[in-house]
Amino acid sequence: MHFISPVLWQFLVNWMTHFALFPPEASRIAPQVDALYFFLILISLVGMAIVIALVAGFSILYRKERNPEATQIEGSTLLEATWTIIPLALFMVTFVWGALLYFRIYDPPTNAMNIYIVGKQWMWKAEHPGGQHEINSLHVPSGRPVQLTMISQDVFHSFSIPAFRVKREVIPGRYTTVWFEATTPGTYHLFCTQYCGTLHSQMIGEVTVLKPEEYEAWTAGSTSGMSLAQNGERLFASLGCNSCHSGNAAARGPNLAAVYSSRVPLANGSYAFVDDAFLRDSILNPTMHVTAGFAPIMPTYQGQISEEGLIDLVEYIKHLHSNYRIQQTLNTSEVQPSNLGQNGITAQRTYTDMHSSQVPQSVQTQRQGTAAQPGVVNQ
Amino acid sequence: MSTIVSLPDQQTATLPKRSYLNSEYGLKSWLLTGDHKRIAILYLISITFFFFIGGAMAGLIRLELLTPQTDLMAADTYNKLFTMHGIIMIFLFLVPSVPATIGNFLIPIMVGAKDLAFPKINLLSWYLYIIGGTLTLAALISGGVDTGWTFTTPLSTHYLNTHVITAGLAIFVAGFSSIFTGLNFIVTIHRMRAPGMTWFRLPLFVWSHYAASILMVLGTPVLAIALVLVLLERTIGIGVFDPAKGGDPLLFQHLFWFYSHPAVYIMILPGMGVISEVISTFSRKRVFGYTAVAFSSVAIAVFGFFVWEHHMFVMGVSNYSALVFSLLTMLVAVPSAIKIFNWSATLYKGSITFETPMLYAFGFIGLFTIGGLTGVFLGSLGMDIHLTETYFIVAHFHFVMVGGMLMAFLSGVHFWWPKMTGRMYPEGLSKLAALVTFIGFILTFFPQFIVGYLGMPRRYAAYPPEFQVLNVLSTAGASVLGVGYLLPMLYLTWSLKYGKIAGANPWQATGLEWQIQSPPLTENFLETPIVDYEAYDYEWLANKTKNEVTTVG
Amino acid sequence: MDSQAIATHPEHAHGEHEHPPYLRHHFATVEQQRETASFGMWLFLLTEIMFFGGMFAAYLIYRNWYYPAFVAGSHQLSILLGTVNTAVLICSSFTMAMGVYSAEMKRKGALVMWLLLTILLGTVFLGIKADEYHEKWEKHHVPGLNFSANDFVNGSKGYPDDKLAPDMAQKSQVYFSLYFAMTGMHALHMIIGISILIVLVIRARQGAYTEGHMTTIENFGLYWHFVDIVWIFLFPLLYLISRHQ
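Residue numbers (full-length UniProt numbering), protein chains in the order written: chain A, 1 to 379; chain B, 1 to 553; chain C, 1 to 245.
Hints were generated in silico from the structure; no laboratory data involved.
Quick caveat: nothing in here was measured; it's all calculated off a predicted structure.
Check the hints yourself; a few may be wrong.
As the list claims (entries may be wrong) - Computed cross-link-like contacts, SDA-like style, restricted to lysine to any residue with a CA-CA straight-line distance of at most 20 Å:
{"no.": "1", "chain 1": "B", "residue 1": "245", "chain 2": "C", "residue 2": "140"}
{"no.": "2", "chain 1": "B", "residue 1": "245", "chain 2": "A", "residue 2": "289"}
{"no.": "3", "chain 1": "C", "residue 1": "108", "chain 2": "C", "residue 2": "206"}
{"no.": "4", "chain 1": "A", "residue 1": "120", "chain 2": "B", "residue 2": "458"}
{"no.": "5", "chain 1": "B", "residue 1": "120", "chain 2": "B", "residue 2": "29"}
Said to hold, decoys possible - Which stretches of chain B does chain C cover? Using the computed rule of at least three CB atoms under 8 Å from a CB of chain C, they are:
{"no.": "6", "stretch": "212 to 222"}
{"no.": "7", "stretch": "230 to 243"}
From the three backbone atoms N, C-alpha and C, an ideal C-beta is built for every residue, glycine too.
Construct the complete structure from the given sequences, taking the supplied hints into account.
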């Protein structure tokens, strides 16, 4: 290649050998999506082949030079029924297959660990339950189902990890979820795929899949010191939520302990399933979900809490299994003037308990419920 | 021009003394005309103008995507470009392309009427189109708009400082142009048919326009109201779509796609009508299963209204509603499959020649089949999650819209050019253009399927470097495609003066439009024709020609 | 070569038999022209239904979600003015129908009078509507521009019990958004209608519609009744939500 400069040549070779043709399969669902993809490609190839064969074959057989006189044919109900029913049957197979996959991708397993994603122009913020914060990157362990609970602070975004074959719109004002189980450690693209304004193409990041033990090390190494639930507890107290949701029999608000994942009766006679979206909505639009037996007196917190704050609160209530610590906090503030020193120490001690429980807790989120339990043990 | 059928009148053909083109002279006679044929020509000129503006933007977009970085232009310029490309191509080119030009010219003639039912409203609809186009250009010149053609709220209402209101008004006005065209067609087809022209004697071109018109008339007003609410939200600050005020941005998505999905069929159905005419004419055979093809158009129109949510499968809609919409999406794919197979079967035992319109029609069948089949990929729920919002979907709708509709448009323009102008275009050059377009198209858009499956998101000004090779291929294809579109523009203009005289029926087609002089008289028919033969009756045509010869000789 | 021969020989089709002057050249008979125009009008009204349909769909959803806010918002509308306006519109439909009847009877003077009355009633409607809008402005009920949920948190003068929780009270903004969008679009249709009516009056004075050709008047009547019917839906949906409470 003497007529081409070696530098340019090297560049071309490098360019031509380092391009992608097929995305990596890095999640448990990816091979299943690809299987459907190849099935669809097969159908398309067969369909294309038939159409090309018909058009090309007839064009050769019945060109004017060979067939100067056309034979008029009205149609054939049998033939037309055939090419109505066969495509229809194939499309139905595609439909069922696709629907099964869809439900698999959008219905998270119950044992999935939860990571919160907040999208804003133009960055992704990830919040791990243990309090680790990331921007435009996401660390997940391999071999474990991970559920993402996502919300946007401003406009529509869309959270897409092509290597996992998952994607979901991130919408202002409501939680959406998606889940995956990463299989292959490595670094993968993370894209915002819904056009979101000027720097849409910069709203990208990296998903890093770590082996479980590496992930453990990562969580321990990048902790901010406070778990989301702990942040939530502080917020719960500072907003005065505890004055009504104290868990006392005479309390003005419903008891929040173990309310998550339960069905609560509403004032309008229906029942609601308590999930993240319900909790968030109850904080912002309390009158939409008044619990039976309580007066609609809760003020709205619309505009007063950031999406991150809401996530902290949701995470806190999610793992609230007893009201012990709420009452303790209340007692603390009531008796504070006379008993300052002693209670100060109690509070300090509980905080340390929480803190020490944090590392194992972030490793195994499923036992996150225990985050509020040291209080019970203390009792 | 060896492939053109030689007939007694073909060699001796002269341009008729009187025709719609020379019945009156002067700019005013064109701008105030009520003649559907003149309005069709006005439309043809204006949509060609906007097509090349939109095409130039496409070229710039492809240039920017030559490299992974944003080096040709800044991200916001890029965003404005693809927004304008979308708005111009969809609302100012694809929606009016075949109906407002070829349809406007032919539907009255095909049903045996002297004009559309409401000539003044027809002219009004062109003026509305021009106002819409001018507003679009105003938005473009005054600094552009970068919402994407989808106007997603709350981005379009609260987060952008560009000329959303001008662009929204432009689409609103252009929408009414399309409503009036559709309304005119429906009324004409119902009330203006010549004696003997029963519904099942109508050419399939008319059937497909009828189906498309239903969609225009019932779908477009919903887009209009969605845009009005967006504009009110942007100007006054009402809260119908604003989550901060209690509105739901997903409602906008529903209203928007309630129009914009049927709009896809508004764009493709008239093209399918062109293909039916062309395939039948050049295989000298009645369209296989006329009734099935006619009803499949109507079925597409009806099902087309109930599939809009498939644009929102990843948007957090209920899983079960997604299920219903996916099923309906699969159903709407069937009539398109029927059409493809019926066209192929029409060729069987025909007497096929390969003039330019036929080549474009073959291009249409191939590209539309790929476009349609990839639509099934996207309609399949689990597959859609990975593919939507990537280049896969960009490639899919360009295969349907550009590979399908644009091919059909060019096929139709070439097919009826002799009828519209009375002159032929250079045959060899036009075949070359058809071939160049096809190759350029495949090269441009096929790599986008692959890059889409890799996950490259649409509307990205910059992208990861490993996608570059495929993008370079695509850009290279776009330059070939550009040549393919410029060629017809040049030789068709040339043919206006230098083309050979075509004669009344150069293709030996059966439609009513081919039984009158080219170019037609202002009143189309001197006496209302009485139709006593079925559509695509080539035996009737042969008898008629035989009689002609005997009377002459 | 029948039709071809016909098409190439410039015989003149017109003037063979007598056409009334209002028969457009591309119609065979007056009857066809009349049917065509009326079919077109009905089709246009169908597009109008779809146009308003978008807002009715939004109304349905939000009313379901934010019922208390919609009730409280509805209480702020003047039921008296709404009823008067409904009556005015129904009367205008009557005068319009009488106009069509006069055209049919070929009474020029009566037609002009009925059309003028229709204009008058339409203007009265718009005047009352403007007054209502003005009142909304003063009460700070215009969404976006000067909205305050105060009346719905603390109760208002006529309805001291309309004390909603702040979050629900805020949602009355959605109610007023829809109120202004729907009545605004309706008022726009009225304004267009009155503008057309003015042209019709001028042409009616020249005798355009009283010589047998009254399709225009008839079709405009359809439009006017349609706008009227939209109001008949808007009035209960916006003004009469839960009035008995």
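We went through each hint and held it up to the structure:
About 15 Å separates the Cα atoms of residue 245 (chain B) and residue 140 (chain C), which keeps this hinted pair within 20 Å; it holds. Distance check on the hinted pair: residue 245 (chain B) and residue 289 (chain A) sit about 18 Å apart at the alpha-carbon level, within 20 Å; holds. For the proposed pair residue 108 (chain C) and residue 206 (chain C), the alpha carbon gap of about 9 Å is at most 20 Å, so the pair holds. In summary, the hint linking residue 120 (chain A) to residue 458 (chain B) is supported, as the alpha carbons are separated by about 19 Å, within the 20 Å threshold.
The suggested pairing of residue 120 (chain B) with residue 29 (chain B) holds, with an alpha-carbon distance near 14 Å, which does not exceed 20 Å. For the stretch 212 to 222 of chain B, the stated coverage by chain C holds: 6 residues have a C-beta nearer than 8 Å to a C-beta of that chain, and at least 3 were required. By the rule of at least three residues with a Cβ nearer than 8 Å to a Cβ of chain C, the coverage given for the stretch 230 to 243 of chain B holds, with 7 such residues.
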